[in-house]
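Enquirer: With chain U held as given, fit chain V with the ligands onto it using these hints.
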Amino acid sequence: MKNKDIILQLSVRSIRLHLLRSVLAALGIVIGVVAIASMGMMGANMTLSVTEDLSEMANILVVKASSGERSGGMPGPGGGGAPGDGEELITEKQFSDIERIAAKYGTVYAVHSESDTIEIGDSRRRATIYGLDPDILPAILTLQDGAYPKSTTSVIVGPSLAERMDLKLGSKIDIGDPDEGSVTTVRVVGIIEERGMSMDLNTDSAIIGSDKLFTMMYGGEGEYDQVNVILDDINDADLVTTVITDELNKKEEQVSVQDSSRMVENITETIGTLTSFVMAIAGISLLVAAVSIFNVMMMSVTERVREIGILRSIGTQKTEVRKMFIYESGILGVIGAVIGAAASIAIGWVVVLAMVGSTEYFFAPGSLVYIPFAMMVGIIVCVVSGVYPAWNASNLDPIEALRAE
Amino acid sequence: MNSTPLIELREVSKIYPLPSGDVIALDRVSLSIQEGEFMAIMGPSGSGKSTLLNQLGCLDRPTSGDLIIDGKNTRDMDDRELTSLRLNTIGYIFQKFNLIPLLTAYENVEYPFLMKHRKPDDTGHVSGLLSMMGIDQALAIHKPPELSGGQQQRVAVARALVNDPRILLCDEPTGNLDSVTGGQIMEMIADLNRKGRTVLMVTHDPTVAQFAQRTIIIRDGRIA
Ligand SMILES: Nc1ncnc2c1ncn2[C@@H]1O[C@H](COP(=O)(O)OP(=O)(O)O)[C@@H](O)[C@H]1O
Ligand SMILES: [Mg+2]
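One line per chain: the protein sequences are U and V, in this order. If you use the numbering used here, the first sequence corresponds to residues 1 to 405, in order. If you use the numbering used here, the second sequence corresponds to residues 1 to 224, in order.
Bound-form chain U, shown alone (with noise of 0.2 Å):
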């Protein structure tokens, strides 16, 4: 025979007795954790997926110039009216001090930006429209079809505003409001790759033209509106960051630097605060599965008081009395858990599919964890619940425990 351990066989065969009952109280842990390892696995796959659309423009810098309160505190002459139309803007000089101090970091280039509106065939509507040094686009835009812009006639699209006005190569578009004053009608060449969500440029429904284009159309030659760097190394964020901010912002603060790395981290830090609070809240099934199983294990323990009995009488020792039912417990959360695992893969499938959309990122290793994350929670929640029923079993008196039934 080869019992290993004849205290654990009793815990085994106790279960076994009452296999509906312990079924019953294994299926909250279940529950419980199907609930934690699907939230969590929500929540990873989130991350993950948001992680991937910004991280193409965690390199990126964006310098504009700090509109606002100014320290020192005086009040500018005329009652502090606000400046120019709202927006300060980046100057040549400091443009040519950020291309000095950057430049050996990466690619800087600036951007002039402004809305108006466009009209192709009979439809109008708003829509970006950028300003920047020809020489540049190649390395900052890929295109899906054309050739970029080479004179003051010709731009390129993004994907969405093409597909929305049907806009092909060489299409025209007219620029401006003809109520207003002058339109500029220049020639697609070019439709540029799908980019998505960015915080550099945001081209996909945007029209990107050449800087002397913009400058005809709207002046402000020699101000920009920003100025992009496009780190070689994602690691010198912060340290050009500080260059520029110490340098340009000697007397008073001139420019402000927005890393998107920091954007990136914050937004994967909210949804880890969310998906904590989540989870949290998906814990909460666990303490009702708690409690089942401590009733499960008070009953066994009510119900064995005269085995217990016998078992001390003989000279078993109140530590395997303890453990005995521990292990019961355990079996129970171990069962649930396992259960519980399997299941977390099927309905976490589904969660994921419908909160996130895409189950690109199911079986990454960040996702995944959360089902052994969950098991544990739950064997632990066990075990946990089987502490008191175990001790009071342990501390009953031999010879009542005999009299017992």
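Derived from the structure by calculation, the hints contain no laboratory data.
Selected chain U positions facing chain V (Cβ under 8 Å, derived; list incomplete):
1. 10
2. 307
3. 399
Calculated pairs, DSS-like style, for lysine-lysine (alpha carbon to alpha carbon, straight line, at most 25 Å):
4. V/72 to U/318
5. U/172 to U/212
6. V/116 to U/323
7. U/64 to U/250
8. U/323 to V/119
9. U/318 to V/96
10. U/93 to U/251
This structure is a prediction, so every number in the text was calculated from the model and none was measured. Even for Gly, the Cβ is constructed at its ideal location relative to N, Cα and C.
Expert: Just chain V with the ligands, lined up with the frame of chain U:
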């Protein structure tokens, strides 16, 4: 006339405090038992025989007085030591057999062995004891509820013997058996005493008491 006794009770009292008043189950009992003795304990129902045996079996602590086993005062032992005394030095046979229902006959006998040695019996000791008690291998795989009273008590005797205890405590071991089976069990216990074991036996049956070298009568918690 003899060396130090194996078991000695000095003024042992056991009082059960009840709402209706204290029950004095044992009243200052003093008693010495030598190694190898066979002592019968008789007396009317409720006189305190089981209480006395429970004290000797270290299942309980006296309210007052001292119990000395093999020169050691049980007052100085903690629960762990008393439990280990029950495992190694004392074999207990109950009127109601008290086998573990979840274990087979074989496992019931093997259980104290496993507790003591922390490994299964590979010497055939357990099977040997069972066959000595007349339980064959086919019977040994059955659980207690599937056995007759006599068979259960044979298994219980085998279990009491498995760790080779120096003291055998029997609380009316034949009380739930028919006279033929009871007689066989008595023969076995008497035989164990002849081989040197100290036997203390509670019984109602005067013929059973004839196996003993000494008989004490308990009345109202005192040795009469
Ligand atoms: N756990 C207990 N609580 C209260 N009274 C008890 C308890 N155990 C035994 N008694 C009382 O102690 C007395 C002796 O009981 P017991 O030793 O079982 O007698 P016997 O075995 O001689 O029939 C009885 O009056 C019984 O009611
Ligand atoms: Mg009795």
